[in-house]
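Participant: The sequence shown: position 267 = 267 (full-length UniProt numbering), numbered continuously.
Treat each hint with caution, since some may be false.
Calculated pairs, DMTMM-like style, for lysine to aspartate or glutamate (alpha carbon to alpha carbon, straight line, at most 20 Å) [to be verified]:
| id | residue 1 | residue 2 |
| --- | --- | --- |
| 1 | Lys448 | Asp656 |
| 2 | Lys73 | Glu123 |
| 3 | Lys586 | Glu602 |
Derived DEER-like restraints, expressed as beta-carbon distance ranges [as the list claims (entries may be wrong)]:
| id | residue 1 | residue 2 | range |
| --- | --- | --- | --- |
| 4 | Ser588 | Asp125 | 54 to 64 Å |
| 5 | Thr64 | Ser610 | 34 to 44 Å |
| 6 | Arg447 | Ala580 | 36 to 46 Å |
| 7 | Ser501 | Leu401 | 36 to 46 Å |
In short, the hints are calculated from the structure, not lab data.
Where is the CB? At the ideal position from N, CA and C, for every residue including glycine.
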Amino acid sequence: MRFARTALGLLLTLIGLVVTLAGAAAAFWLVGPDNTISTGSQPLTSKGLAVITAPDLLDRHGPTLHVTATGDKPVFVGVGQDLDVSNYLAGAAHTRVIRYDVPSTFSTQQMRGGIPRLTPPGELDWWVAKSGGNGPRSIAWPIEDGKFDVVVMNADGSPAVDTDVRFGVEVHRGFGICLLVLGTGIVLFALGLTLAFRRRPATVVPAFTPARIASVPAPARSVPVSSAPAAATPAASAPAVAEPVSPFAPERVSPFAPVPTDPRAYRAPADEPITEEIPVCLPAVTYPTPQPKPAKQPIPAAPMLMSPAAVARAKSPALLTPVGAGAPAYDDHVQTYDDPVVEPETVSLVESPEFEKSDEAVRKTAALLASGALLLTTTSCGLLPAKNSIVASDIRPAVTLADAQAVVAKYNQLNNRANANRDAKLSETIEADPTLAQTRAGFVISRKLDAAGKDSTKPFTYTDPQIGAPEFGSYPMRFVVSSGVSGAPDSRQLGVWQRQSAGTPWLLTNSVYPSAAMKLPPMEGLRTPQKADLDKLYSLPTSAATNLAAYLSGGAKSAQAKYFVPSPGSAKLLEQRAKAKIADTKESYIASVSDTFTPSGEPLTFITSSGEALVFLALTEQYLQRVEPGSNAYWTSGEATAFSSMVKYTQTLHQDYLHQVALVIPTKASGGTIRIISMDGQLVGAGGS
């Protein structure tokens, strides 16, 4: 057991030393009191537009990522999803960090491409964390599950990036865990030294005292007695010299040393003839009554040069002769004496105290090792972040609620400014077709009919926006907004904002103004359609657009009218067109009139939480007047003069309109017909032939 304890102690000492060194290095060199594992400041440069990290470098989530960038120019540092970053930098030259080696070595790869002019990164809202400006710029971002990239650019989006970047990962309670590992190593090291080099204490044996010797029972032994007195011997007259028992205890005298006698007190009897018979009286010899044998008790070894049995025999009172007594007489009766023999008690190894103590020490050590292993396993699991589980292409909502509200607020501000100045260029930064086409046409008409600007559009805003943000895995991305309109309590606005790519702003593409009394589908749970969703609809969106165009072209009594429930605006439009046809055909120079609607572009479809489809589409309308042969016609007043004024046509006159429509297509299971939520048109052209 001594060998096993020593071997176990050496093993624990080695393990404790390794754990102690590892804990100390992790606590005071790798992590530090701020719980952050840092790479140190490293130069990262690119001749292109950005320096980005590969998505697989951030393959774990949970801890907080710290990034600090410093450069001579104003810098930008941000974190974005890979689908946004890759789309933003598509076709642009940049540098990608593809590997990191301990302690602080980055491997990069140059990505070829052009140097396009990008939207400054700080103006984009899809960053999950960003910071830009002069001096050191830092971000702290709790790493999320998914594919994310760290991007470092010049703040204005210009090429030639030259920065010093420091990355750090903050592990929650990392420093405390490292200190705990350090303490565990110290405990293991101390325990190993104790087991390996500790000696068992020596057994303390009590010395024999006169009281202890007297307590030892004297052995029964017969002493032979002679009838004649012993003759004096020369040795008897010699002075006795006491012999010490041990050189280490000179004061103690051996019981076998001769008893000193006074030679002057002894005189030998004279030889005289015996004249009478003298009866010899022998002293009666009494034998001691046999006593029960005392229980065997182990006698500790005495610190003498004699065995325990010899010491007991020598100390026996039966062998001690009083000083001055004559030599004892012996008789023929001799009683044998058996030396007390202390037989060693045989104990099995398992029951021995030494084995029990060693076994207990081994059990305690094993329990300590198991606890330490569990502790180290637990702490190491806490230090190691979880592996990312999202390995497929990222799918995310098109926009967050806060970002969508910010988009609407920005639109309100810029749209009012553009309307006040009739600035189509400014409108291009917030709108796209078909809404932008209607806005441009409205500015053209306004300049023609109100050159002084007295009847300019009053400022208005979209209030209380409700956001419907479907999830997308690629660009373009869209979200829907349902909001009120300031100054128009009887109306609401329903619009679609679209971002064509990651580097472009959000633009309002479709916008209609349904009545406030119109029931609108909920914005929550809005999603992009799948094939299974389209199969459940009463009509496909493209078919609905075709039938709607036929219905509007044919009028209220057309065959396609049964498929639709008109809105107040669409019903009013059909009524106006019917009256205009009657009035125009009465003109002498007009031979006939036709009104034709045609679908324009692809419908935008969203599936609501109830399974219905919310569809946005555009229709073009051409109101055509055929001129009588030999006659001519031209526009003399009205909005059409903004596009064709005082130009004579001999064959036809036409007015071109652009309509935006919002429909709700029910499911087959729910029944019903297609509801026209709103239809809003704008004259966008006029002319003839």
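Participant: Looking at the structure, which of the earlier hints fail to hold?
Facilitator: Result: hints 3, 6, 7 break, sorted rising.
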